[in-house]
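Q: Spelled out from the first residue to the last, the chains are:
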Amino acid sequence: MTVLGSLCLWIAFLVGIWGALAGFVGGRQGRRDLEQSARHAVFAMCAALWVAVAALEWALFQHDFNVEYVASYTSRNLPIFYTWSALYAGQKGSLLFWASVLSLFGSLAMVLTGRRHRALLPYVAGVVCTVATFFISVMLFGQANPFHRLAYTPLDGNGLNPQLQNPGMVFHPPMLYLGYISITIPFAFAMAALLSKRLDVDWLVAIRKWTLLSWLFLSIGICLGMWWAYVELGWGGYWAWDPVENASLLPWLTMTAFLHSVMIQEKRGMLKKWNLALIIGSWLLSIFGTFITRSGVISSVHSFTQSNVGYFFLFFLIAAGTASFTVYATRLPLLAAETKLESMVSREASFLFNNLLFVGIAFSVLWGTLFPILSELVQGTKVTVGPPFFNQVNIPLGLALLALTGIGPLIAWRRASLPNLQRQFAVPVTVGGFAALVLLVGGMRDLYALMAIALGAFVAATVVQEFARGARARHRQYGEAYLLALGRLLGRNRRRYGGYSVHTGMVILFIAFAGMAFKTETEATLRPGESAVLKSPYGWTYTFTHLGVSQYDALNRQVTAATLEIGRDGKRLGVLTTEKRQHVDGLGRPTFQPSTEVGIRSDLREDLYVVLAGLVNGTEQAVFRFTINPLVWWVWYGGMIVALGGLIVMWPGGGSPAVKRTQAGYAVRLVEDMKA
Amino acid sequence: MNAGTKFAIGAALIVGSVGYLMASGVKQTGQYFLTPSELSQKIALDPSFYNVGMKVGAHVVPGSVTRDLATRTLRFQVTDGSARYAVLYRGLPPDTFNDSVEVVVEGRLQKDGIIYATNVLAKCGSRYEAVPKA
Numbered sequence: 008m009t010v011l012g013s014l015c016l017w018i019a020f021l022v023g024i025w026g027a028l029a030g031f032v033g034g035r036q037g038r039r040d041l042e043q044s045a046r047h048a049v050f051a052m053c054a055a056l057w058v059a060v061a062a063l064e065w066a067l068f069q070h071d072f073n074v075e076y077v078a079s080y081t082s083r084n085l086p087i088f089y090t091w092s093a094l095y096a097g098q099k100g101s102l103l104f105w106a107s108v109l110s111l112f113g114s115l116a117m118v119l120t121g122r123r124h125r126a127l128l129p130y131v132a133g134v135v136c137t138v139a140t141f142f143i144s145v146m147l148f149g150q151a152n153p154f155h156r157l158a159y160t161p162l163d164g165n166g167l168n169p170q171l172q173n174p175g176m177v178f179h180p181p182m183l184y185l186g187y188i189s190i191t192i193p194f195a196f197a198m199a200a201l202l203s204k205r206l207d208v209d210w211l212v213a214i215r216k217w218t219l220l221s222w223l224f225l226s227i228g229i230c231l232g233m234w235w236a237y238v239e240l241g242w243g244g245y246w247a248w249d250p251v252e253n254a255s256l257l258p259w260l261t262m263t264a265f266l267h268s269v270m271i272q273e274k275r276g277m278l279k280k281w282n283l284a285l286i287i288g289s290w291l292l293s294i295f296g297t298f299i300t301r302s303g304v305i306s307s308v309h310s311f312t313q314s315n316v317g318y319f320f321l322f323f324l325i326a327a328g329t330a331s332f333t334v335y336a337t338r339l340p341l342l343a344a345e346t347k348l349e350s351m352v353s354r355e356a357s358f359l360f361n362n363l364l365f366v367g368i369a370f371s372v373l374w375g376t377l378f379p380i381l382s383e384l385v386q387g388t389k390v391t392v393g394p395p396f397f398n399q400v401n402i403p404l405g406l407a408l409l410a411l412t413g414i415g416p417l418i419a420w421r422r423a424s425l426p427n428l429q430r431q432f433a434v435p436v437t438v439g440g441f442a443a444l445v446l447l448v449g450g451m452r453d454l455y456a457l458m459a460i461a462l463g464a465f466v467a468a469t470v471v472q473e474f475a476r477g478a479r480a481r482h483r484q485y486g487e488a489y490l491l492a493l494g495r496l497l498g499r500n501r502r503r504y505g506g507y508s509v510h511t512g513m514v515i516l517f518i519a520f521a522g523m524a525f526k527t528e529t530e531a532t533l534r535p536g537e538s539a540v541l542k543s544p545y546g547w548t549y550t551f552t553h554l555g556v557s558q559y560d561a562l563n564r565q566v567t568a569a570t571l572e573i574g575r576d577g578k579r580l581g582v583l584t585t586e587k588r589q590h591v592d593g594l595g596r597p598t599f600q601p602s603t604e605v606g607i608r609s610d611l612r613e614d615l616y617v618v619l620a621g622l623v624n625g626t627e628q629a630v631f632r633f634t635i636n637p638l639v640w641w642v643w644y645g646g647m648i649v650a651l652g653g654l655i656v657m658w659p660g661g662g663s664p665a666v667k668r669t670q671a672g673y674a675v676r677l678v679e680d681m682k683a
Numbered sequence: 547m548n549a550g551t552k553f554a555i556g557a558a559l560i561v562g563s564v565g566y567l568m569a570s571g572v573k574q575t576g577q578y579f580l581t582p583s584e585l586s587q588k589i590a591l592d593p594s595f596y597n598v599g600m601k602v603g604a605h606v607v608p609g610s611v612t613r614d615l616a617t618r619t620l621r622f623q624v625t626d627g628s629a630r631y632a633v634l635y636r637g638l639p640p641d642t643f644n645d646s647v648e649v650v651v652e653g654r655l656q657k658d659g660i661i662y663a664t665n666v667l668a669k670c671g672s673r674y675e676a677v678p679k680a
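Here the protein sequences line up with chains H and S, keeping their order.
Under my numbering, the first residue of the first sequence carries the number 8, and numbering increases by one thereafter.
Under my numbering, the first residue of the second sequence carries the number 547, and numbering increases by one thereafter.
Hints are computed from structural coordinates only; laboratory data are not their basis.
Backbone N, C-alpha and C fix where the C-beta goes; we use that ideal spot for every residue, glycine too.
Hints may contain errors.
Across the chosen pairs, the derived CB separations fall in these ranges [to be verified]:
| id | chain 1 | residue 1 | chain 2 | residue 2 | range |
| --- | --- | --- | --- | --- | --- |
| 1 | H | W65 | S | G565 | 17 to 25 Å |
| 2 | S | L559 | H | A561 | 28 to 36 Å |
| 3 | H | R579 | S | T617 | 50 to 58 Å |
In silico DSSO-like pairs for lysine-lysine, Cα to Cα no more than 30 Å straight-line [as the list claims (entries may be wrong)]:
| id | chain 1 | residue 1 | chain 2 | residue 2 |
| --- | --- | --- | --- | --- |
| 4 | S | K669 | H | K526 |
| 5 | S | K552 | H | K347 |
| 6 | H | K347 | H | K204 |
| 7 | H | K274 | S | K552 |
| 8 | S | K669 | S | K657 |
With these hints in hand, go ahead and build the complete structure from the sequences.
A: Encoded structure:
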């Protein structure tokens, strides 16, 4: 099967080169035969790559340990679920997965794109083939061929790192990959629009669903990553501003900015250059993310295999960045704005500020991530910045963004009048102010947390107001019952109300993040019967009583479990178990380092988070870390609502309002000034 | 004043505050990231480097780790091949910490030559990859 797999890689490689050439040349010369050929090349590449994926899965399931990749990431006692996901557990498999999914998305784009946008497709095929060929060439020439065979056959494989043996880890990487990969399709359309000089709103319409899709995958991937880090790593939080996390956040930020600014281009014909730059930038950031995670140039606790593969990506990043921005620069004269900003108090202006904030946050995150390298280049000494930096910079910016989340959707296009402002904002501002007052009286003194919750209340009130007004209008006009009216409202204007749902999810997330400002923690060494005490931010006193330790063998691990009884203000709440696991191979020898299974007791207000650090000299005296994390559940709920809102917007049919354009009379340039 | 100019002012405010936040953030929270030999050079040149918060990236010296779980005290030595420093950490090290990993120690070097760590991060190739069989 490895012969078949390698053969498929070579076929895909050659077909990819042909497809790239045929696509670009065919598109440029308008030759139908070449255009057809490029289209077929995408399909052929897709078929070849998925046969290669099947070949690798076959080797994994057959436990063919002569294949280096299989021996590195699986073992005979690995649960079957994780054997399957070992496809993307290592670098080589990830590259294959990446190229295969890209070719699949490319094929879908070929099939699903309407006739109206046909002229763009040869270039799209060309870009998709170029990018996929790059990934294949890394496998073939960067010593990263997943089908590489060893000179001998080990009896058993190394097994999968226990920290990856978690359901979150099965879905988190592919979701993020799907997000990263699907950015290539909008990027390909953007390049196609530039190359073919068809720069009207058409190409934006063609990629709307694709940008949403990739944004949705990134959002879900990031949330799953947070969840995995929280339940599996045992350090007590879900976001550490680690370079690898930042790498996933960067394209998410620029994509989110794009999803907003694209509305201005559709409605008002402004921001054309900005939007193209955002798409190209997002795609480059997704490649950049792969580069920093794979090259080890930035020290991260996530250390993937460091190899020369990183430098392939650096080269590709520079080459692709230069090429795409060169094309972009030559087309700038075609990208003049059709209208200009009329008033600062308008939806356009609020969206523009929103975009600046998103890009500002992205820039600061990029800067902080690269700071060790930059400072070493400039000063000769490495200086690092950590979570305090990112929090200090991004909390104020995030709060400003949260405020705009409430303002943007309510303010009128072009120019808002005073009565309009009063009508829209009277209730939400009152709600937000009241929330702040209640919290102040309630004794909350953390300024940022207070602002987050008050602004959250303000935004939530704007959303409720919008839904209520929409439903009431339908009720009056069509005599529908309120509930039906609400459902129809959502169904008929999916983009708008789905967007509001995403905003609601973001509000919940912000409030949940604010909760972490009140996290409390203690460590204790307890003999059975002894207790530790921890005060919760809500004023309760929790007692954790160590009941005892049990040790037993499970499927592929030896488990040491400590059980604790939890009491709140003297009342018994229940028991909680936390484990230390030592994974073993088929012969019972330990593999990997011990891993922690955190004991978590969640409710809507706070999580009790207990880590067993170890036993003292093998006795039942155990060392624990107890953490109380407020509002963590709301992170997961908020993430789900964000994803749900994204799905509502994406759902086919119904939702997309006709593109409205303003009259040519308004055509004056402004965008250049804004970009400076 | 037309809307374009007003917007430019607003945009300049945002860009300015992003810039200010970043600059002050780096100033207030930036920490040197040094190897043990770089640290010993710095100290030799400039004794005021004692008791300054920094990060030291190095390998744990095999066999140098002593853990006292009951008091949650961890002592070990770090080296980059030439210079060597003792580290004292009170707290719980990450799962991945052992005497053959690369660590990032966050803390302050004191006059007694010991780095008093406030945080220890273990970085090891086995995070996503199996331990290479020795």
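Q: Could you run down the list of hints and mark each one as holding or not?
A: Tested hints:
Range check, H/W65 to S/G565: about 54 Å between beta-carbon atoms, so the 17 to 25 Å window is missed. For the pair S/L559 and H/A561, the supplied restraint of 28 to 36 Å is violated, since their beta-carbon distance comes to about 58 Å. Taking the beta carbon of each, H/R579 and S/T617 are about 30 Å apart, not inside 50 to 58 Å as hinted. With a C-alpha separation of about 26 Å, the suggested pair S/K669 and H/K526 falls inside the 30 Å cut-off, and the hint holds.
Distance check on the hinted pair: S/K552 and H/K347 sit about 13 Å apart at the alpha-carbon level, within 30 Å; holds. Note on H/K347 and H/K204: the hinted pairing holds, with a Cα-Cα distance of about 23 Å set against a maximum of 30 Å. At most 30 Å may separate the alpha-carbon atoms for a hinted pair to count; H/K274 and S/K552 meet this at roughly 22 Å. Distance hint between S/K669 and S/K657 is fulfilled; the C-alpha atoms sit about 27 Å from each other, no more than 30 Å.
Comparing the model with each earlier hint shows violations of hints 1, 2 and 3; every other hint is respected.
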